[in-house]
Amino acid sequence: VVVAAAIAFASYLYSSYNSDLLNQDATKVIDRTARIQTQDLSKILENKISDLRNNLFLISKSNPVQQQDVEGAGTILANGQESTKDFTDSYFWVDKDGKLLWANSFSDEAVYRQYAGADRSDRTYYSGPKESHSFHVSNVIASVDDVPRLYFSYPILSEDGSDTFKGVAVASANLPGVGEYLKSQLSSETPNSVSLMSKDGIILYSQNVTLIGLDYYGKEIQSRLPEDLKQPLNAAIDKSLQNSGLGQVSYSYQENSGSITYVPIIVDGASVGVLYIVAPYGISGEAQQVLDSQRNFTIFFIAALAGVAIAAAIAVLKWNERLRKVVAKRTGELQDSNFNLNRALEQLKIHDRMQKEFINVAAHELRTPVQPILSMAEIAEMDNKNSEAGLEKEVKMSREDFEMILRNARRLEHLSSDILEVARIESQSLQLRVETFDLNEKIQAVIRDIKTLGSEGKDIDIVFNPTNDPIPVNADVTKVFEVVSNLIRNAVKFTPANGRITITAKKAENEVIVSVNDTGSGIDAEIMPKLFTKFATKSFTGTGLGLYISRAIVESHGGKIWAENNSDGRGATFSFTLKPQKNDNKAEEIAPIGSKKI
Amino acid sequence: VDDQRDIGLSLKRLLERNSFSVDYYSDALAALHSYHAGSYDLAIFDIRMPGIDGTELYRRIRQLDKKIKICFITAYEITVEELSRILPDYILNCLFKKPIHSKILLAKVAEVLSAT
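If you read the protein sequences in the order shown, they are chains F and Z. Numbering of the first sequence is given in my numbering, commencing with residue 1 and proceeding in unit increments. Numbering of the second sequence is given in my numbering, commencing with residue 1 and proceeding in unit increments.
Honestly, the hints are just simulated from the structure, not real lab data. Treat each hint with caution, since some may be false.
[What the hints assert, rightly or not] In silico BS3-like pairs for lysine-lysine, Cα to Cα no more than 25 angstroms straight-line: (1) F:LYS396 / Z:LYS12; (2) Z:LYS97 / Z:LYS69; (3) F:LYS43 / F:LYS183; (4) F:LYS356 / Z:LYS97; (5) F:LYS393 / Z:LYS67; (6) F:LYS385 / Z:LYS103; (7) Z:LYS103 / Z:LYS69; (8) Z:LYS97 / Z:LYS67; (9) F:LYS28 / F:LYS43; (10) F:LYS61 / F:LYS96; (11) F:LYS385 / Z:LYS108; (12) F:LYS458 / F:LYS493; (13) F:LYS61 / F:LYS85; (14) F:LYS130 / F:LYS166; (15) F:LYS61 / F:LYS166; (16) Z:LYS103 / F:LYS396; (17) Z:LYS97 / F:LYS393; (18) F:LYS219 / F:LYS230; (19) F:LYS28 / F:LYS166; (20) F:LYS385 / Z:LYS12; (21) Z:LYS103 / Z:LYS12; (22) F:LYS166 / F:LYS96; (23) F:LYS183 / F:LYS199; (24) F:LYS507 / F:LYS560.
Source: prediction; values computed, not measured.
So here's chain F without its partners, still in its complex pose (with noise of 0.2 angstroms):
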């Protein structure tokens, strides 16, 4: 956008440049074309006054003239109206005296009546020659006619050589004619107005010819003029009524401008005047055309850019916005599975833990039920070899130690079995073996083998009273066994002499539940949570790891497995599910132990 902008002010500076050279140009050609026609117009002016010059000093040295005949002067006065009659409008011979003698006029009968013989010796026509013996021009005169005239004069002199002063030959022009003349000398084409005024300030001619006969400097025309341009204007005029050749000078008013050209016109020495062309500033309609099209085309093809600058810009932000999206979008992605990441590797990190964990805990558990059998073993080797004559003595050992090795003895037995398991189960490399029994029956089993075995010196109340209908589940026998076994002998374990172990097992809609209820000394709050992972109770006979394998068991064959404290507050109830026997015996169902996180 910022490019187009660029381009768009560059191409518009561009256009303006041109324009302005143009007009420039356009300038430079109307001031020389006014200077032109101001020069020609004045040549014009300046031969037609100098014909009008030779015409009256030709009457002024004529024979009916110098020999004061009228009639003949009559003759020659009209020749020379003749001859100029497009810039005057009447030729008059005044004598010595300032006496009307004869004026063109005066073939009319009632105006020589009229006219003839009349003073005109206050006119400036009259004295001007009479005093200075030359040529002579005449300020604006308003004529009886009302007609504003410049009166051109020439001394009528003696041909004696005396040079006696006669009177004078006039010839008026009339200067709105006058006017016309000098317009019709420009071209039709032009702008341009003519404009004359004499020496000393007297409008002779301008367009609007009611200001002809007007001082410039008087109030009437001062007060006419807009204050901003009085003062340039006046300026001017004052340096064109001043100089003597030609000048031009430009003005600017509002929104006109233009140059105005002068030259002082000097016929036979004598001042008649200065002439101004006044040309506005401006262009032919052609080029004006052009500029105009040219500024329309710039127009047009900023507007074009800017909206294609504008195009552009939204394109790139929607494909900003869309980027925008996909990179957050990735971003999301990146972060979730860096977070996904993080969460295995925290998981990971937890589980080598664990194993770091159960590894030192199995390690101990191992090592100590080796310790008694071990330096039971010694001392019994000890004893062996004590004999003062090195012969082997035969040992005696006492019930209690005998004991002592036994059950440790077993309980490695027990703790490497189960740990076994435990490594079985974490690689998932232990397989179920799914047949269809009866868990009534296989409960059975299992009390009838911990009431052979013991319960642990106890006398403790084993109760199960089984449905009249068989359970038949889908499971491994094995296993399930093992999960009831570890239940009921974890009860017995927490429960005191003379206590009651009620074992139950009920179909319900679309599960069997087994539980186990003790009247022992419940599950510890501290415990509760972790009642299910490795290692979380210990206790002098058990290995701590039956329940963690008792819920492998039982979630790899879809059940669940829980334990609560009894409501009345003595001992505790461990229950789990199973599936029960399905018609179509679906195998693929149960999943390897393990399979499932633990």
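Given chain F, put chain Z in place with the hints provided.
Frame of chain F; chain Z shown alone:
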């Protein structure tokens, strides 16, 4: 002192069989309560025990008796360095790992007792 009764009893039997006079406690607190400074030359404590563990028992016995020599026994994976980190003032370097062979036990006990 060892919470594992069979271990305590078997080690007591082993040491008695080798002419030492031995008292065994399966409970650290009981051992602490019946302790009299100067009664023993050597004590052997299991490190991991419920309640007061071996290192804590060491600190408390040390407050009662500056002279008694104390050895540790453990079934856990613990090194002398780890032990001296828990007990910075413990310099005896007498740590038995279960299971202890009688010859090693007796040799170390003799060595510790003869040291000044």
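Results of checking the hints against the structure:
1. In summary, the hint linking LYS396 (chain F) to LYS12 (chain Z) is supported, as the alpha carbons are separated by about 18 angstroms, within the 25 angstroms threshold.
2. Among the hinted pairs, LYS97 (chain Z) with LYS69 (chain Z) is consistent with the structure: their alpha-carbon atoms are about 18 angstroms apart, no more than 25 angstroms.
3. Pair hint LYS43 (chain F) plus LYS183 (chain F) holds up; C-alpha atoms about 14 angstroms apart against a cutoff of 25 angstroms.
4. Using a Cα cut-off of 25 angstroms, the hinted pair LYS356 (chain F) and LYS97 (chain Z) holds, with the two alpha carbons roughly 18 angstroms apart.
5. Between LYS393 (chain F) and LYS67 (chain Z), the direct Cα distance comes to roughly 40 angstroms. Violation of the 25 angstroms bound is thereby established for this hinted pair.
6. About 14 angstroms separates the Cα atoms of LYS385 (chain F) and LYS103 (chain Z), which keeps this hinted pair within 25 angstroms; it holds.
7. Annotation: proposed proximity of LYS103 (chain Z) to LYS69 (chain Z) holds, straight-line Cα distance about 19 angstroms (limit 25 angstroms).
8. Between LYS97 (chain Z) and LYS67 (chain Z) the CA atoms are separated by roughly 24 angstroms; this keeps the pair inside 25 angstroms, and the hint holds.
9. Pair hint LYS28 (chain F) plus LYS43 (chain F) holds up; C-alpha atoms about 22 angstroms apart against a cutoff of 25 angstroms.
10. A threshold of 25 angstroms between alpha carbons decides the hint, and for LYS61 (chain F) with LYS96 (chain F) the separation of about 15 angstroms falls inside it, so the pair holds.
11. As the CA atoms of LYS385 (chain F) and LYS108 (chain Z) are separated by approximately 22 angstroms, the hinted pair is consistent with the 25 angstroms bound.
12. Proposed proximity of LYS458 (chain F) and LYS493 (chain F) is supported: the alpha carbons are some 9 angstroms apart, at most 25 angstroms.
13. A distance of roughly 21 angstroms separates the Cα atoms of LYS61 (chain F) and LYS85 (chain F); the hinted pair therefore holds under the 25 angstroms criterion.
14. Taking the CA atoms of LYS130 (chain F) and LYS166 (chain F), the gap is near 9 angstroms; set against the 25 angstroms cutoff, the hint holds.
15. Under the criterion of a C-alpha separation no larger than 25 angstroms, the hint pairing LYS61 (chain F) with LYS166 (chain F) is consistent with the structure, at around 11 angstroms.
16. The straight-line distance between the Cα atoms of LYS103 (chain Z) and LYS396 (chain F) is roughly 21 angstroms, inside the 25 angstroms bound, and the hint therefore holds.
17. Taking the CA atoms of LYS97 (chain Z) and LYS393 (chain F), the gap is near 31 angstroms; set against the 25 angstroms cutoff, the hint is violated.
18. Proposed proximity of LYS219 (chain F) and LYS230 (chain F) is supported: the alpha carbons are some 12 angstroms apart, at most 25 angstroms.
19. Restraint check: the Cα-Cα separation between LYS28 (chain F) and LYS166 (chain F) comes to about 53 angstroms, which exceeds 25 angstroms; the hinted pair is violated.
20. At roughly 20 angstroms between alpha-carbon atoms, LYS385 (chain F) and LYS12 (chain Z) fall within 25 angstroms of each other, so this suggested pair holds.
21. Only pairs whose Cα atoms come within 25 angstroms are accepted, and LYS103 (chain Z) paired with LYS12 (chain Z) is accepted, the gap being roughly 15 angstroms.
22. Using a Cα cut-off of 25 angstroms, the hinted pair LYS166 (chain F) and LYS96 (chain F) holds, with the two alpha carbons roughly 5 angstroms apart.
23. As the CA atoms of LYS183 (chain F) and LYS199 (chain F) are separated by approximately 21 angstroms, the hinted pair is consistent with the 25 angstroms bound.
24. With a C-alpha separation of about 15 angstroms, the suggested pair LYS507 (chain F) and LYS560 (chain F) falls inside the 25 angstroms cut-off, and the hint holds.
Taken one by one, the earlier hints fail for this structure at numbers 5, 17, 19, listed in ascending order.
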